[in-house]
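Here are the chains, one letter per residue:
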Amino acid sequence: MMINCILIDDEQANIENLRALLTRHCPQVNIMAGIRTMEEARVFIERNRPDLLFLDIHMGDRTVFDLLKNLSYTDFEVIFVTAYNHYGIQAVKYAALDYLLKPIDIRELKEAVEKVEKKIATRTRTSQLEFLLENNTGLFPKKIALPMQQEIRYIPVRDIMYCEADNTYTSFYLQEGDHLLVSKPLKEYTDLLKPHGFVRTHQSYLVNPRFVKSWLKEDGGVLLLSTGKKIPVSRPNREAVRRELNPL
Amino acid sequence: MKKFINFLLIGVMAAGQPVWGQVNTRKIYSAGLRTGFPLSVGLCLDSSARVISHTGRFPNLPGTHLVWVEKGQVVQFELISRDTPDIRQYTCVVKDEKGKVLYKEPVSKLPFNRNRLFSAPGFVSVFIPDTFSIRDTSLRLVVYNETDPSEQITTDIINRPLERLQLLYFSIQAKNTSRFVEGIRSIDLYKEDKTIGVYVQACRFYYAYVLTIKEKRSGKTVFKERSWTSDGQTGPGNPVHMNVGTNHIPRSGEYELILQPELPGLLSREAEKYATVIPVKINIPRQYSSGDLGMWALLITGGCSLAGLLGFYAIRKRNRQVLSQRNLEKKIAEVRLNGMRIQLNPHFLFNALSTIQGLINGDDKDKANDYLGKFARLTRKVLENEVEHTIESEVRLLEDYLQMEQLRFGFSYRINVSDEGILQKEIPALLTQPLVENAIKHGVVSSGNAGYISVDFIPEGSDLTIKIRDNGKGFRIDNVQEGMGIGLTRERIALMNENAGGEILFLSFQSGHDETITALNFKNWL
Numbered sequence: 001m002m003i004n005c006i007l008i009d010d011e012q013a014n015i016e017n018l019r020a021l022l023t024r025h026c027p028q029v030n031i032m033a034g035i036r037t038m039e040e041a042r043v044f045i046e047r048n049r050p051d052l053l054f055l056d057i058h059m060g061d062r063t064v065f066d067l068l069k070n071l072s073y074t075d076f077e078v079i080f081v082t083a084y085n086h087y088g089i090q091a092v093k094y095a096a097l098d099y100l101l102k103p104i105d106i107r108e109l110k111e112a113v114e115k116v117e118k119k120i121a122t123r124t125r126t127s128q129l130e131f132l133l134e135n136n137t138g139l140f141p142k143k144i145a146l147p148m149q150q151e152i153r154y155i156p157v158r159d160i161m162y163c164e165a166d167n168t169y170t171s172f173y174l175q176e177g178d179h180l181l182v183s184k185p186l187k188e189y190t191d192l193l194k195p196h197g198f199v200r201t202h203q204s205y206l207v208n209p210r211f212v213k214s215w216l217k218e219d220g221g222v223l224l225l226s227t228g229k230k231i232p233v234s235r236p237n238r239e240a241v242r243r244e245l246n247p248l
Numbered sequence: 001m002k003k004f005i006n007f008l009l010i011g012v013m014a015a016g017q018p019v020w021g022q023v024n025t026r027k028i029y030s031a032g033l034r035t036g037f038p039l040s041v042g043l044c045l046d047s048s049a050r051v052i053s054h055t056g057r058f059p060n061l062p063g064t065h066l067v068w069v070e071k072g073q074v075v076q077f078e079l080i081s082r083d084t085p086d087i088r089q090y091t092c093v094v095k096d097e098k099g100k101v102l103y104k105e106p107v108s109k110l111p112f113n114r115n116r117l118f119s120a121p122g123f124v125s126v127f128i129p130d131t132f133s134i135r136d137t138s139l140r141l142v143v144y145n146e147t148d149p150s151e152q153i154t155t156d157i158i159n160r161p162l163e164r165l166q167l168l169y170f171s172i173q174a175k176n177t178s179r180f181v182e183g184i185r186s187i188d189l190y191k192e193d194k195t196i197g198v199y200v201q202a203c204r205f206y207y208a209y210v211l212t213i214k215e216k217r218s219g220k221t222v223f224k225e226r227s228w229t230s231d232g233q234t235g236p237g238n239p240v241h242m243n244v245g246t247n248h249i250p251r252s253g254e255y256e257l258i259l260q261p262e263l264p265g266l267l268s269r270e271a272e273k274y275a276t277v278i279p280v281k282i283n284i285p286r287q288y289s290s291g292d293l294g295m296w297a298l299l300i301t302g303g304c305s306l307a308g309l310l311g312f313y314a315i316r317k318r319n320r321q322v323l324s325q326r327n328l329e330k331k332i333a334e335v336r337l338n339g340m341r342i343q344l345n346p347h348f349l350f351n352a353l354s355t356i357q358g359l360i361n362g363d364d365k366d367k368a369n370d371y372l373g374k375f376a377r378l379t380r381k382v383l384e385n386e387v388e389h390t391i392e393s394e395v396r397l398l399e400d401y402l403q404m405e406q407l408r409f410g411f412s413y414r415i416n417v418s419d420e421g422i423l424q425k426e427i428p429a430l431l432t433q434p435l436v437e438n439a440i441k442h443g444v445v446s447s448g449n450a451g452y453i454s455v456d457f458i459p460e461g462s463d464l465t466i467k468i469r470d471n472g473k474g475f476r477i478d479n480v481q482e483g484m485g486i487g488l489t490r491e492r493i494a495l496m497n498e499n500a501g502g503e504i505l506f507l508s509f510q511s512g513h514d515e516t517i518t519a520l521n522f523k524n525w526l
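In order, the protein sequences belong to chains A and B.
Mapping to the working numbering: the first sequence position 145 is 145, numbers consecutive.
Mapping to the working numbering: the second sequence position 12 is 12, numbers consecutive.
Read the hints as simulated data drawn from the structure, not as lab findings.
Think of the CB as a built atom: it goes at the ideal place given N, C-alpha and C, for glycine as much as any other residue.
Any given hint could turn out to be false.
Calculated cross-link-like contacts (lysine to aspartate or glutamate; reagent style DMTMM-like; alpha-carbon spacing at most 20 Å) [said to hold, decoys possible]:
| # | chain 1 | residue 1 | chain 2 | residue 2 |
| --- | --- | --- | --- | --- |
| 1 | B | K467 | B | D419 |
| 2 | A | K213 | B | E254 |
| 3 | B | K281 | A | E239 |
| 4 | A | K194 | B | E254 |
| 5 | B | K194 | B | E498 |
| 6 | A | K69 | B | D136 |
| 7 | B | K100 | A | E39 |
Cβ-to-Cβ under 8 Å is the rule here; a few derived chain A residues that face chain B [said to hold, decoys possible]:
| # | residue |
| --- | --- |
| 8 | A13 |
| 9 | E16 |
| 10 | L21 |
| 11 | H25 |
| 12 | G60 |
| 13 | A83 |
| 14 | Y84 |
| 15 | K102 |
| 16 | I104 |
Calculated from the model, a selection of chain A residues having no Cβ within reach of chain B, i.e. all distances over 12 Å [unchecked claim]:
| # | residue |
| --- | --- |
| 17 | D10 |
| 18 | N17 |
| 19 | P27 |
| 20 | M32 |
| 21 | R42 |
| 22 | Y73 |
| 23 | T74 |
| 24 | R107 |
| 25 | K118 |
| 26 | P147 |
| 27 | E151 |
| 28 | Y154 |
| 29 | H179 |
| 30 | K194 |
| 31 | E218 |
| 32 | N237 |
In isolation and in its complexed conformation, chain A is listed as follows (with noise of 0.2 Å):
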């Protein structure tokens, strides 16, 4: 099997660089082209259906996401690529798309090819880029995206009740009581989801704040959750954990 792929840079390095390196290490690729701007890739895309596109988040002074939005046909996979793009770089990660920074990682290159043609294969598209221009628009898109075994969850963010560590993977527990295995490691969200707050306790908790009634003195410090839940705090994090729950 073939995946037919576009690459999208306003960069001409770019795209001879990203060329070079799918033809050395990817040899299930076709490019089909590789553009410059948006306006070519949107009537190249909606012409000639590709599989897959690498997409440089910064196009000038806007982002590829502007792109997407006008696509009517989109029926196709995404790899991001950018350099170094705090915000955009941000969206991409509440959607659990893909991305590559730049130079690029051969290693990391191939992998993120290989799961494309397994999702081809098995034909499992995903809705995570709808997902990602629903909920990019704010710094603090209001759902992520959670990937799981099987399937993607669409969590409000609002409804995570804590994380916890369990070696690379983390488990989210959500209001309503559901428990959902994650293949990514805590660190991972703790990034993700400190800018709405929530705080890490502990090595192996992240907790939202909504949820906590109180401080208990036990132990030298065990945050009691509204569903009775304890989290422990460790020694280390107390201050900072005193701080951002009382912030005066």
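Using the hints provided, position chain B relative to the given structure of chain A.
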């Protein structure tokens, strides 16, 4: 004129049988007037349209009128004027949501007639002949004076849901300095801070939105305004801002910033649908003020001799604290100056690495080596962390930097030192780099090979001027990312002036149609 408009409103009347999808010209809404402006605007809608709100009261935008409708199909505009007006210089334009001109005509070419609806003496009117579709979109009508385009009235008609405004960043203004706040979740305020600039991504109708600040603990509204200002062009994508005086923020704590449209006829429940709520933590560190000292003095003079004696010691102690506080502040300023000396934009850093990767994969070994060499020199310079270095070093470094960016964007450049005698004089290290970066990014990136940048080092007596010139489209200081680079440079300059105890360094911008000049002036430097 006002009286007349009231008359018009009362005159909203239904007669005849309106046809669906056709403009009902018997029902006219007042939609634009301005004191001293010879023309006013009315508009007619089709019968399926329902007006949610229409208003012309926006403090910073006299002459702007907004009509928000739902289920509308078409609109027709009417211009109304006094009988014998001087309207030769006026032009009227209708634009669509993307700014495309749908209609443009000098007003004097329109066949004004005695007003048909009522025989208001002294007034004539005319319908703009075209009707315009407003299905799920918005339109803007502008009538302006050609000799002075700022003399204008604007009518916006919207027939779609509004957007949410997006908060971009905060910029804090003190007396001589301004600084950007990292992130939008918390703000540290100091005694000398005057205003908090709240920057939002402007949507087309940003002026209909109100900024409200609530203190969470008390639930009290401490600030509510709609006086937005724009630094340059407004329009989708460009920020507008509002300055909030720090006197509105009584104390540290949790606050909520709410951006929400407020229009007559719009229910607050409805308005909340378009609201953006941002929780922000504001910290105001405790500081000693001269007021504190005054209080002490008052207490002492009023007290008995014992209290006086005690007070004397108290004052002495407090004075010492104030003094050491000042020393501390100065120290902190120095440390901050050292810490923020050089910031290589991470964007530049990783793009440079990416370019090197591209050269390797394109088998262009010579270029790759050359580029890598420059990159290493630049990085080393940044890591060396010198406070000052010679103009010669600065020039060499700018050469490296410009050549690296030249490879990516293909502009041409020139660096000129008009008097070689100053090459060994020292200046703050890498102070010019963010300014040159800015000139590249917003001046010449989009012009390709036609782009041009020059950097001139010009001694004038004991003063030194560094001029950075680009031939780009002119620059927008309000852009977030560039704002940060320039913001940090400004902060660095302010700190240097503070440490020198006077104004020794100035930064200024001058932007024209085809050229932007950034100038750094060093007073008594050479």
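### Query
So which of those numbered hints doesn't the model satisfy?
Violated hints (numbers, rising): 11, 17, 18 and 30; every other hint is consistent with the structure.
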